[in-house]
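Following the hints, position chain X against chain Y.
Chain order of the listed sequences is Y and X. The opening residue of the first sequence carries number 1 in this note's numbering; numbering runs sequentially from there. The opening residue of the second sequence carries number 1 in this note's numbering; numbering runs sequentially from there.
By construction, these hints were calculated from the structure, which means they are not laboratory data. Keep in mind that the hints are not guaranteed to be accurate.
If several chains are the same, the list does not tell them apart, and a pair holds so long as it fits within one copy or across any two.
What the hints assert, rightly or not - Lysine-lysine pairs mimicking BS3-like chemistry, simulated, CA-CA at most 27 Å apart: (1) K104 - K215; (2) K215 - K38; (3) K152 - K104; (4) K46 - K133; (5) K107 - K67; (6) K116 - K133.
For clarity, every value in this text was computed on a predicted model and none was experimentally measured.
Here is how the chains run, residue by residue.
Protein chains: 2
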Amino acid sequence: MVTRTTFDQALKSLQQDILRMGSLVEEAIARAVESLAKQDEAMAQKVIDGDAIIDELELEIDDTCMKLIATQQPMAKDLRRIATGFKIITDLERIADHAVDIAKIAKRIANQPLIKPLIDIPRMAQLAQKMVKEALDAYVREDVDLAHRMAKDDDQVDSLHNQVFRELLVYMMEDPRTITQATYLLFVSRYLERIADHATNIGEGVIYLVTGERKELND
Amino acid sequence: MVTRTTFDQALKSLQQDILRMGSLVEEAIARAVESLAKQDEAMAQKVIDGDAIIDELELEIDDTCMKLIATQQPMAKDLRRIATGFKIITDLERIADHAVDIAKIAKRIANQPLIKPLIDIPRMAQLAQKMVKEALDAYVREDVDLAHRMAKDDDQVDSLHNQVFRELLVYMMEDPRTITQATYLLFVSRYLERIADHATNIGEGVIYLVTGERKELND
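Here chain Y stands alone, though its shape is the one from the complex (with noise of 0.2 Å):
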């Protein structure tokens, strides 16, 4: 007989496997950046390396909430309490392979002078890292408000992928000689844009978890 504790407990452990699935990923977001601004080609494998466990954790959570579903059967908000945890685990596989990405372009630049020092990226970087942490705690915590905070931080992100854009293009513009390494770092900031994204996609499923409603964040 499944009684709520049961349920409770075990859509608890399935949290704390979204927030350690989270962890891994907004780490390797940090290091993928730190990477490439570092020009740390070891650093940089070993985001690449990393992203294994982090698809390993997916297929495993993802065992956990069709189990979750088939057994306990929920209802209304605790299934969208599971079915939201289903989608958020996508978005995070996308946002390390986002961060696999980057660091992959790291590794390809590591032996090249950089055309200039990397600040907006890294501040790009934080932001976007800082978005998928407060997604996830909104998700745990059920919390509305701060997944509309949250999503208000895409707006700067957005603006300084815009920024890095036009200030790429001039650097190639003026040099040829960086166009091939300008290119990679406008993917890069492509690549945090779209974290950003995820985010939000994050946060829209809190919203739907708690309230029945969709609703888009931003846009």
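For chain X alone, coordinates are given in the frame of chain Y:
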């Protein structure tokens, strides 16, 4: 009382909805790249406007999946059928977002001469579109072979992307006036590569649905 027939009908109707969403998404890819190649701003705008319908459809199907789980309490493979559908629509929505990304670029460069006739990019789009179609067919028919065959095209998309990337870098280096547009085209190529990745994700979902096993296609 829920009968097997009721469940089968509900499942069939869910699959029809997913296929309908899939058709819209395939059309969005085709039109976005056509609007880019033909510099047709109105067509690009249609892709952008049409995204709201796809988003709406995602939410509807999302709700259908939740209702099916709550009311029919499916087990084992039936639960996997629905959970896979639930994840597929996330991939379809992201694909549609990339079609919008491409359409926005099409609008931006509609009024400037193309730096080169577009050949590889439309070819990538055709392949990506075919992959999406086949991935969804594989889902509905629960056809693991088709999922494998579909994923083979991903290599071709990747190699076209690498080719486009190299070629555009050469353009930029030879003539800095091409830099802005070439950068946009680089992003288009990358979006198409991502679309093919999402189709591959769907294929992996199909394999999980049929076999209960997690298997990475490609890599």
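Okay, the hints, checked on the actual structure:
{"no.": "1", "hint": "K104 - K215", "result": "between (35 Å within a copy, 23 Å between copies)"}
{"no.": "2", "hint": "K215 - K38", "result": "neither (40 Å within a copy, 35 Å between copies)"}
{"no.": "3", "hint": "K152 - K104", "result": "between (29 Å within a copy, 23 Å between copies)"}
{"no.": "4", "hint": "K46 - K133", "result": "within (21 Å within a copy, 36 Å between copies)"}
{"no.": "5", "hint": "K107 - K67", "result": "neither (40 Å within a copy, 47 Å between copies)"}
{"no.": "6", "hint": "K116 - K133", "result": "neither (29 Å within a copy, 44 Å between copies)"}
The structure does not agree with the numbered hints 2, 5, 6 stated previously, though it agrees with the rest.
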